[in-house]
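Asks: Sequence:
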Amino acid sequence: MKRVKSVLFLAVFSVFAAAVFAGVTENAEGGFKGSVTDKVEKLMATNQDTERTYYPRDMRPNDLAIVGGMPLIAGVAYGYNINPNFQIALGAGAFFPGITADLSVKWFFMPTTVTPYIAAGMTYVGALDKTVMAGHFDAGVDVALENALGINLGMVYMRSFSDMADPFKTAWGETNKIDNLGLQGGIHIRF
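Residues in the sequence shown are numbered from 1 upward in steps of one, following our numbering.
Everything labelled a hint here was simulated from the structure, so no lab data went into it. Honestly, I wouldn't trust all of these hints.
Have a look at the derived ranges for each label pair, beta carbon to beta carbon [as the list claims (entries may be wrong)]:
#, residue 1, residue 2, range
1, 170, 109, 29 to 35 Å
2, 76, 13, 54 to 60 Å
3, 112, 14, 48 to 54 Å
4, 116, 3, 38 to 44 Å
No farther apart than 25 Å at their CA atoms in a straight line, the calculated lysine to any residue pairs in the SDA-like style are these [what the hints assert, rightly or not]:
#, residue 1, residue 2
5, 169, 61
6, 130, 164
7, 169, 80
8, 169, 182
9, 177, 191
10, 177, 127
11, 169, 151
Backbone N, C-alpha and C define an ideal beta-carbon position, used for all residues, glycine too.
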């Protein structure tokens, strides 16, 4: 039993010592590599206050976006992050002609600065005198940039829940239902 305790103590001590002294090596001039001063000089040279890392994501809870593509076509969306991975969003846009209103939930796979996401939601499409409800599923990549800015690009599949009795005109032609696969992109700011 004493031998097991001794081996366990030695293993724990070795891991602790390795963690404490990791990256500290003596160079030819007698100093040590990787000093704090080197990091400060690099930050000053690149005009940064902090080191840029890919974790954690800048998760200020409010997100205001200008979006293009389905489901809003051209619009504005407001999202609220309930935690680092989930966002609830409301949006409004133009359908050319007509308006759109959207409610969706977005899931970021990882809380990092570059992360894939999936989203799903419901969209009201009002094509002047005709209206229809549609569901959509999105998948893409979101990139959080410096100063709370960000961009995203993805694919969207949008389908109406029912067909309209009469076709309505859009900038893309006449239709009585929505069943589209398209691109989506946007720029957003967190606050």
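Asks: What are the numbers of the hints that this structure violates, sorted from low to high?
Replies: 3, 4, 5, 7, 9 and 11
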